[in-house]
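Keeping their order, the protein sequence lines are chains A and B. So the first sequence is residues 1 to 378, counted in our numbering. So the second sequence is residues 1 to 393, counted in our numbering.
Treat the hints with care, since some could be wrong.
[As the list claims (entries may be wrong)] Calculated lysine to aspartate or glutamate pairs in the EDC-like style (CA-CA distance at most 20 Å, straight line): (1) K354/B to E303/A; (2) K43/B to E57/B; (3) K87/B to E114/B; (4) K112/B to D139/B; (5) K354/B to D136/A.
Don't read these hints as lab results, they were simulated from the structure. It should be emphasised that the depicted structure is a prediction, and the values quoted were computed from it without experimental measurement.
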Amino acid sequence: MSVYLDWAATTPPDREILAEAMEVSLERYGNPSSVHEPGKRARATLEDARIKAAAALGVKPETIFFTSGGTESNHLPMLSLLQRPVRGTIAISAIEHPSIVEQARMLELTGWKTLVIPVTPDGLVTPDAVLSTIRDDTSFVAIMAVNNETGAIQPVREIGSALMDRPSGKKKPHFHVDAVQAAGKIPLDLSAQGIDSASISAHKLQGPRGIGLLYMARKLEPFIRGGGQETGIRPGTENLAGAVALSRCLEKSCTSAHHQDAQDTMAYLIGALNDTKLISIIPGTRTPIDERFSPYILQCTNERIPGEVLVRSLSERGVYLSTGSACSSKKKGRPVLQAMRVKPDMQQNAFRVSIGNATTTKDIDAFIAALIAVFSAL
Amino acid sequence: MEPIDNTNAIYLVKVGELTLKGGNLKDFEQRLQQNAQLYLEGKRAKIQIRAGRMYVEGPVESAGAIEYALSHLVGIAGWARATVVSKDPEAMQQAVVTEALKAKAAGMKTFKIEARRSDKAFPLNSYEIARLMGEAVYDAGFLAVDVHHPDALITVEVRERCFIYGPENPGNRGLPCGTGGKGLLLLSGGIDSPVAGYRMLRRGMKLDCVYFHSHPYTSPEAQQKVEDLASILARYGVGTHLNIIPFTAVQQHIRDNSPPDYATIMLRMCMMKVANMLCRMIGSRTIITGESLGQVASQTIENLTATNSCAEYPVLRPLIGMDKEEIITTAKEIGTYEISILPYEDCCVLFSPKHPVLRADLAYTTELYNAMKIDELIKAAFDSREHKRFGWL
């Protein structure tokens with residue numbers, strides 16, 4: 001028996017959605033930019049996917065741009081900063097995904113300066129922290145909607161309004177929200193005041209790899225140029241099958257009732273972990289049902305065994321999870337936990353459990369049994 | 001005059017330290033030739049050693065294989081691909097100018113001709129050859145003369161044929177592998193131990209390696225790193241064997257039965273015990289480690305003394321007096337550095353004390369060791385070893 005508890009890294013794909021995407025690939029092979037009949041049919045399918053994705057997210061279709069995934073959606077608004085004649089500062093939270101952090105480092109090489117917005121020990125970015133970090137020359141702010149390691153839900157709505165409400169005369173920076181772990185998982189209102197762009201990836205929602213979208217209410221001058229597809233925001237022949245699959249994923253996940261199930265499963269998981277007396281939750285203040293956290297992601301730690309060793313030992317017992325972000329698990333250190341001032345030992349021993357709509361309490365029981373077995377063996 | 005065969009690639013190889021040997025020179029030469037033959041099996045290459053030179057000649061399509069062999073062969077000081085021409089001054093001049101052109105293309109600006117004549121019947125002496133060849137390059141006009149610090153040294157050797165070659169590639173020097181007995185290298189995924197192994201290889205030693213893993217505390221990637229390192233050593237050492245010892249139970253026993261600050265020394269002592277068993281089994285006469293005095297806590301002279309007390313064979317520590325920079329330089333040269341710095345640890349932090357003892361007392365450590373009653377676990381670890389062989393290609 002195997003138990004997959006690494007849904008935040010990627011999800012087992014939805015067979016129906018993939019089959020539909022495959023069908024689209026085979027049937028709608030025309031290039032959406034072509035003027036002939038197959039081209040037109042492909043264009044219509046693409047625009048239909050855009051409308052559906054927009055509807056699921058509660059935004060206008062013209063604000064949706066299909067991309068290759070989360071990383072690219074995070075990069076496009078950042079790269080557009082390269083078009084600015086004057087360099088200034090960008091502000092990112094201390095817990096952003098490597099695709100934001102590393103791109104910020106790249107921008108530094110071109111003259112931009114990065115300001116880091118601190119988080120509370122619970123891993124939350126407050127509007128006050130944002131306001132006290134940004135400066136008059138801050139052109140870009142990035143805060144993720146749900147942290148990929150702790151599940152902490154960031155008050156992006158409040159931050160958006162706080163940025164809007166600054167004294168007149170101060171230019172509002174572009175506010176980008178990495179919504180990769182939030183879309184389809186928690187209530188998310190991208191049309192909220194002050195949010196200028198957001199990124200979403202299909203494979204976190206049981207869709208295929210290589211497709212995502214960028215929501216952009218306020219258009220930026222694109223840096224990447226080409227055939228003008230996606231109104232120039234993301235040139236390159238469109239991934240039609242991917243776009244259809246992503247829109248289906250969003251339709252399924254944004255409207256379905258499984259969020260309550262996830263909440264129940266998470267409460268059960270936290271309860272079971274607490275009962276073992278081996279594991280502590282990060283942050284310590286997180287309760288089994290806690291509105292401040294995504295019910296899909298849980299960060300834990302322990303006193304004794306390094307996270308990496310636990311992950312390896314659990315894998316041998318058929319339980320699959322990660323230490324932190326799959327994108328940074330090969331690197332040393334845990335920047336997110338460090339930003340939360342977690343003690344170094346506890347950072348090293350930390351691991352992430354992330355669940356999905358197929359996760360059952362039986363899976364959790366099997367995980368807990370394996371965990372106890374590992375602790376007694378090591 | 002001997003006909004010149006241009007379909008062959010010919011290499012002139014300077015043998016290194018071998019030339020200092022007296023009565024047993026033949027044995028060393030023979031071993032060098034055998035090793036070269038192993039590298040070039042199936043490549044239709046002829047290898048001869050004559051008058052302090054090794055000649056490797058093979059079809060042009062074997063040139064890549066020959067160059068791979070020469071850059072890994074231990075016991076040679078340098079090598080170059082030579083152009084062979086008849087002993088005709090005009091043909092020689094032409095070949096020298098071609099070499100000069102190659103040097104120019106490689107960005108060199110100055111040259112010097114070095115001439116040697118072992119065929120005393122040749123009408124020109126070394127000095128006259130050098131002058132004549134130098135004139136040809138000078139007249140061609142693309143390199144300037146610099147007899148003190150030339151960028152390109154072009155050598156003309158008049159032997160039974162005339163060999164002409166440009167700047168020499170450095171060899172690995174040392175003595176041919178296999179002339180110095182067999183040693184067992186304690187190999188980890190770090191920077192030092194592969195370098196220690198390489199240094200002993202260069203003294204003619206044949207190497208076998210031993211690696212201790214503590215799965216699941218250490219990752220399969222950490223072991224893969226060690227296997228990759230062993231495969232690099234194998235290229236210089238005409239192959240090697242890697243013995244992999246599962247040491248988790250031993251480490252857990254140490255953790256549970258000795259003071260934390262002595263854990264590392266206890267572990268090193270246990271490793272020596274396994275090394276003894278392996279040496280006996282494979283016929284190794286020595287244990288080789290990458291220890292460098294004072295580099296880490298387990299490498300103080302007191303702690304080395306404690307570790308040593310468990311070894312039944314001489315422990316060679318070729319890096320003992322080297323600093324980290326020197327070790328890293330060699331690691332980069334032999335191609336192990338990039339692997340060694342990969343982030344996979346081969347010892348879990350769980351077993352590494354925060355404050356290891358710095359100056360262990362031999363009597364006390366021996367007492368601690370005996371009190372652990374760990375010998376059976378060590379034997380069991382030895383018995384469940386895994387073995388992998390790495391070839392030289």
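* To do: Would you mind confirming whether the straight-line C-alpha gap from K112/B to D139/B stays at or under 20 Å?
  => The hint holds at about 14 Å.
* Pairwise hint evaluation, E114/B against K87/B, where the allowed Cα distance is 20 Å at most -> OK: K87/B and E114/B at ~16 Å, within 20 Å.
* **Holds or violated: K43/B to E57/B, with C-alpha atoms at most 20 Å apart** => It holds: about 10 Å lies between the C-alpha atoms, which stays within 20 Å.
* Take the C-alpha atoms of K354/B and D136/A, compute the straight-line distance between them, and say whether it is at most 20 Å. => Cα-Cα ~47 Å, so violated.
* Could you grab the alpha-carbon distance between K354/B and E303/A and see if it respects the 20 Å cut-off? => 15 Å, holds
Comparing the model with each numbered hint stated earlier shows that hint 5 is the single one that does not hold.
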